[in-house]
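Novice: Given next are the chains, with one letter for each unit.
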Amino acid sequence: MSPPTLQVRNLKTHFFTRAGVVRAVDDVSFTVESGKVLGLVGESGSGKSVTGFSILGLVDPPGRVTGGSILFKGQDLATLSEAAMRRLRGNRIAMIFQDPMMTLNPVLRIDTQMIETVLAHAKVSREEARQRARDALGQVGIPSPEERLHAYPHQFSGGMRQRVAIAIALLHKPDLIVADEPTTALDVTIQGQILAEAQKLCAESGTALIWITHDLSVVAGLADDIAVMYAGKVVEQGPVVDVLDAPLHPYTVGLIGSVPSRNHRGEPLRQIPGMTPSLLNLPAGCAFRARCPRAEARCAEPPPFAEYRPGRFARCIHPYQEAVAA
Amino acid sequence: MTVFLLRRLLQAAAVVLVMSLLVFLGVYAIGDPVEILISPEADQIERERAIQALGLDLPLWQQYLVFLGRALQGDLGLSFVFNEPALRLILDRMPATLELAVGATLVALVIGLPLGLYAGLRPHSPVSKGILAGSILGFSLPTFWVGLMLIMVFAVQLGWLPSTGRGETVTVLGMRWSFLTRDGLAHMVMPTVNLSLFKTSLVIRLTRAGVRETMLMDYVKFARAKGLSPARITFVHVFKNILIPVVTVVGLEFGGTIAFSVVTESVFAWPGMGKLIIDSINVLDRPVMVAYLMIIVLMFITINLVVDITYSLLDPRVRLEGKS
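First to last, the sequence lines map onto chains A and B. Take the first sequence: its position 201, counted from the start at 1, is 201 in our numbering, and no numbers get skipped. Take the second sequence: its position 252, counted from the start at 1, is 252 in our numbering, and no numbers get skipped.
Hints may be right or wrong, so weigh each one.
What the hints assert, rightly or not - Under 7 Å between C-beta atoms, here's a sample of chain A residues computed to sit facing chain B:
#1 Val107
#2 Ser144
#3 Tyr152
To be verified - Distance ranges between label pairs, derived from CB positions:
#4 Val241/A - Val318/B: 26 to 36 Å
#5 Pro273/A - Leu216/B: 48 to 58 Å
#6 Gly285/A - Arg122/B: 38 to 48 Å
#7 Asn304/B - Leu282/A: 53 to 63 Å
Just so you know, these hints were derived from the structure itself, not from any lab. Cβ coordinates follow ideal geometry from the N, Cα and C atoms, glycine included.
Based on the provided sequences and hints, a complete structural model is requested.
Specialist: Next comes the structure, spelled out in structure tokens:
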């Protein structure tokens, strides 16, 4: 059997700031098979975006990957030179960013930005590159792509710009796409269209997809597996249906409880008390224990990442084994 | 575009009109040229005749209208001192100043952009810190002092470069230029370097700040995520974005250099417009002063127009619409 598209093992990405070491990603592991979608869920500052950037080798100083391994089709990306990494980026591994208003260079035409991506990885003529760019625009549902190639980013709406960014990511039919909250800045209707297209793409071309989001309802309809991150660590992992139906970790339970549609009409919205701790001085033991309704003395010890049910992992010593009334 | 240009032209005309009034009044307020121009020994009749010849006997508003009427026909009056058309006097000196200003601006761009780019891309390297320290010197050392030091070292002690004048000139398009002869170029070196010092520092700082800001933008990170080479990211994605502020400031600086390169021209005895205007102010040569300031106003208007058009070429979001 061929190795999975992406295997992240004990990844650690730390930022060495003047105030101290920020453990943005601390011992994160997951696997994405080809054609599958992994939902990486967490609040702001939980380390999910940094995980994405670590995979592409785009962590900016003062941050750097300090430990663990990222195996892409069995090959450890940490052993690759910068030049070899560059040949993978945009080619075999592509990324889509959160804010479509910011990801396209405002002073360059769409065709310039697309053709350069084609030519960076394929030895083809300019005309051929142009045709590929046009086809990619058509593929993501941009009307009259030939004319739109001449446009500048500011002549597109936010949703259209995100489609252009997605088209750029698709140019080389990558094996893996890291999508960092690509629909957060968009209207709900546009979000639905883009989600449907992402799903179709994975099913058709066998692309593995990591969908980073804070929105559980997005993941529910899209992902196969889910990894919930909290304070730089994965606290719960498993198939998406199982995790959402029967969460193990109190944090996941809290997250699910905070989705408005899950709450009953007329009752105050349930929320997780407190706020995410500063990554600069995390308490020893479970990082969630200050906000956890089930916290006890033993939580001051670092909890193990254990398999509580087949395929269901959680980093908690007293997970919800019983069904939670939602 | 046409609407934009037409509207700009009208605006320019209005600005020139207002400026002419201000300049005329301002210069009138400075002092009475009669006291300086007419010898104290002249008797009353000679005095009256001279005043009448210069048109100074009329009330101020009439003087202004006469001036305006002639100016519309391209006649900005005769210099009190040289008895030559003020305009021609200035245009004669213009090439000297122009070649100095263009030279200094080119030097500033050719040296400043690469150094600024380097300092912006590697903000923590010792070389970058050296470049920054150098730019602080360029900002703070007074021009006249640097000019004198240049003369001391390169003209007096080493004897490599001539210290004064324009050297040999060639007449092209009816104007005399130094930069086309070897001797003229040698004469240009020191004044150009002296004049470009401040500008180079400015370009370094602007470029560095722009690069550091742009490198943090998402579109640069996205360009890296596309697998582009660092050279392509720097020279296409970053460079085009930082040019916008650089063009603005260099444009204004260029105008400033032409108008006010007085210090450098004095130090190197460079016969340009700056020296002419200082001499004219000393003897209250009113027509020359007025003509000079009018030309400077026109020049700034032109430079601003060119900068605006350059903007629209650099940044597609800028549209040259007639909106005011």
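Novice: List in ascending order the numbers of the hints, as given earlier, that are violated by the structure.
Specialist: Numbers 2, 4 and 5 - these are the hints that the structure violates, sorted from lowest upward.
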